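Number of protein chains: 2
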Amino acid sequence: MPTAPSSPVGLHRVIEPAGVLPQAATRLDARPELWPDEVRISVERLNLDAASYRQLAEAHDHDGEAVKQAVLGIVGERGKMQNPVTGSGGMLVGVVDEVGPESPLGVKPGDRVATLVSLTLTPLRITDGLAWWDGKSEQVPAEGHAILFARSIVAKLPADLAPELSLAVMDVCGAPALTARVVRQYVDKGTKPVVSVIGGAGKSGSLSLAAARHTGASRTIGIVPVQAEQDKLTAAGLADVVALADARDPVALAKAVEQAGGPADITVVCVDVPGCEHGAVLATANGGTVIFFSMATSFSAAALGAEGLAADVTMLVGNGYVPGHADYALELLRSVPGVRELFEGRIAAEGQD
Amino acid sequence: MPTAPSSPVGLHRVIEPAGVLPQAATRLDARPELWPDEVRISVERLNLDAASYRQLAEAHDHDGEAVKQAVLGIVGERGKMQNPVTGSGGMLVGVVDEVGPESPLGVKPGDRVATLVSLTLTPLRITDGLAWWDGKSEQVPAEGHAILFARSIVAKLPADLAPELSLAVMDVCGAPALTARVVRQYVDKGTKPVVSVIGGAGKSGSLSLAAARHTGASRTIGIVPVQAEQDKLTAAGLADVVALADARDPVALAKAVEQAGGPADITVVCVDVPGCEHGAVLATANGGTVIFFSMATSFSAAALGAEGLAADVTMLVGNGYVPGHADYALELLRSVPGVRELFEGRIAAEGQD
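One line per chain: the protein sequences are F and G, in this order.
Note that the UniProt record's numbering numbers the first sequence so that position 248 is 248, with each residue one more than the last.
Note that the UniProt record's numbering numbers the second sequence so that position 38 is 38, with each residue one more than the last.
Just so you know, the hints here were simulated from the structure itself, not pulled from any lab data.
You may find that some hints are simply not true.
Same chains, same names: a pair is fine if it fits in one copy or spans any two.
[What the hints assert, rightly or not] In silico DMTMM-like pairs for lysine to aspartate or glutamate, Cα to Cα no more than 25 Å straight-line: (1) 189 / 312; (2) 108 / 98; (3) 255 / 16; (4) 156 / 312; (5) 255 / 102; (6) 108 / 240; (7) 192 / 128; (8) 189 / 231; (9) 255 / 29; (10) 108 / 312; (11) 189 / 138; (12) 108 / 97; (13) 68 / 240.
The structure presented is a predicted model; accordingly, all values stated were derived computationally and were not measured.
Chain F on its own, in the form it takes in the complex:
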């Protein structure tokens, strides 16, 4: 066992450049020996980030063998799977192999788990040359090992759900957890809030609607861009009102939310298109809260938009990590039939969200 002290965020595994966080490192130490607070996973499958896989496939003219060699090259060189062009990684599924005596992660050997921190900061070694992968999909069967730090996030794959279903839920589980936390803050102060979810029929959106209702929202509003999604979300029964609006049109969005029983005390932005900041602010009540989960959110558009509208709203950057987030989202999936319906429909249609 190594003797140099370990860091909960993995600084001890950084080789180059010295002193940066593992995500910023160009090379990690992926040796299998554990520091006392680490966990080693026996890898079964990598799920490459969609943007990363697309870049690799296009750079190699969709030649599967070339894509495979590129991934092997990256992991061999960097000690982690981080696409040097997109900067992104993905996640992995495997079985816990060894748990350091001081690990706080709460897993034991034999547990089947998914890592919820990015592959961009996870030490990884591949030992089978990716022999079972054709290089044609983001799903990469792989043998080898990965290392989790004390502050990594890992979730056990439940035995009662298909792994694809669990992974799809875990991928967005920060959204319902943070939505629930914010709704609870209102409820604790004696207000049952009106919650509007922009992009309510998507993965993070449908879970956020379910979370809002579950934690005591007085009314839930789902906003969707097209009729087909309105029908689907209405059938799922997750929102008290489902309304159509283009979230990039602030005036139209505010009007739709108003007519649906708004303005919202809490607006949750789950739709991955740019330009929704002003509409979200305008559709939120004075003193209300906007939670931005969309990675297309522009920080300056949100800050300047609220100022320009003289809107006294609290705006939250949707943190993908809230303690207990995976378990909470899986519990919503199990207990709310409409959520499960939407997720299973999406998985059947594969990769629409």
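Could you slot chain G onto chain F? The hints should help.
Just chain G, lined up with the frame of chain F:
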């Protein structure tokens, strides 16, 4: 007086394209006649946004007359001063000329005021051909009128302070107001928080430090990048500890805050350089709050950084508007000698922040 109904955010003044917010409009109706909830300002001076002025000056080879004609052209065509290239505007100073009977802004004719909403959404007409401006500076003496909507933000210029000083304070007054609000939330729950301000010697930073102490922080930490700022902030006496660190180096920043008595319960990011998100998260205690005021903040770096570090922190987009923000910041300037010292020093050195 016009008879069509007015909108508190100014939709009734939008000519093109129909239905968008005034900031997104290409042309506003700048006629002097007021709707009942509006206010007309007799303009004295425009302060162009620095980025906008720089673009205009460079595009016209620093030919003052050409820059002047460009500004006149923009305002004449758009009915507002919004640089079509940078998208930015600025603010203005003037005297209240007429107040509609239904205006909620609380000003009266003769009040000398500054607008705290952007020129990009303020109907404006210039009547003196900018005869008193040489086109060589962002400060534009101007005659004409501007219109404020019901939800505009306007602040009276105090008689006891030099206008430059008041304007410099108002420019950043959202930061101390939001910092104070967040500190108060902790205090109300029985915790006196440790507050760390990254970029503590700047305008928004020094006011935020003063606000944190004023509202009950148990300890205030100012982080600065260079020795000269450390000396200045130490002399001003605004922080319990002033420490040197490069905010773009997460490990170094977290260590500096730790040694200064951290981690911080509340981290306020006031430094306008990209790449401070991970450091801010890492230097914040579990369960703590990060407030991002820097326009250089990357939404995705903040969201993914917190997730990658498994950090349960609340991250706030620094909204430039909090009710009462200008008065609160001016009161801090008056009552805290160290704040006034730093601001007057900056104004003497002109435009360093």
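Here is what the structure says about each hint:
Within a single copy, residue 189 and residue 312 get their C-alpha atoms as close as 18 Å, and across copies as close as 22 Å, so both meet the 25 Å cut-off. With identical chains, the CA atoms of residue 108 and residue 98 are at most 25 Å apart within one copy only, with a shortest distance of 8 Å there and 73 Å across copies. Only between protomers do residue 255 and residue 16 lie at most 25 Å apart by alpha-carbon distance; the minimum there is 20 Å, versus 53 Å within a single protomer. Taking the closest pair of Cα atoms, residue 156 and residue 312 come within 25 Å of each other only across two copies (20 Å); inside a single copy the shortest separation is 41 Å, beyond that limit.
Taking the shortest Cα distances, residue 255 and residue 102 sit within 25 Å of each other only across copies (23 Å), while inside one copy they are farther apart (54 Å). Proximity of residue 108 and residue 240 under a CA criterion of 25 Å is satisfied in neither setting, with 42 Å inside one chain copy and 45 Å between copies. In the homo-oligomer, the alpha carbons of residue 192 and residue 128 never lie at most 25 Å apart, since the shortest distance is 54 Å inside one protomer and 54 Å across protomers. In the homo-oligomer, the alpha carbons of residue 189 and residue 231 never lie at most 25 Å apart, since the shortest distance is 35 Å inside one protomer and 44 Å across protomers.
Proximity of residue 255 to residue 29 under the C-alpha cut-off of 25 Å is restricted to the inter-copy arrangement: shortest distance 23 Å between copies versus 54 Å within a copy. Within a single copy, residue 108 and residue 312 get their C-alpha atoms only as close as 47 Å, which misses the 25 Å cut-off; across copies the closest is 24 Å, which meets it. In this homomeric assembly, residue 189 and residue 138 never come within 25 Å of each other (Cα to Cα): the closest approach is 45 Å inside a single copy and 47 Å across copies. Proximity of residue 108 and residue 97 under a CA criterion of 25 Å is satisfied intra-copy only: 8 Å inside one chain copy versus 74 Å between copies.
In this assembly of identical chains, residue 68 and residue 240 lie within 25 Å of each other by CA distance neither inside one copy nor across copies; the values are 47 Å within and 55 Å between.
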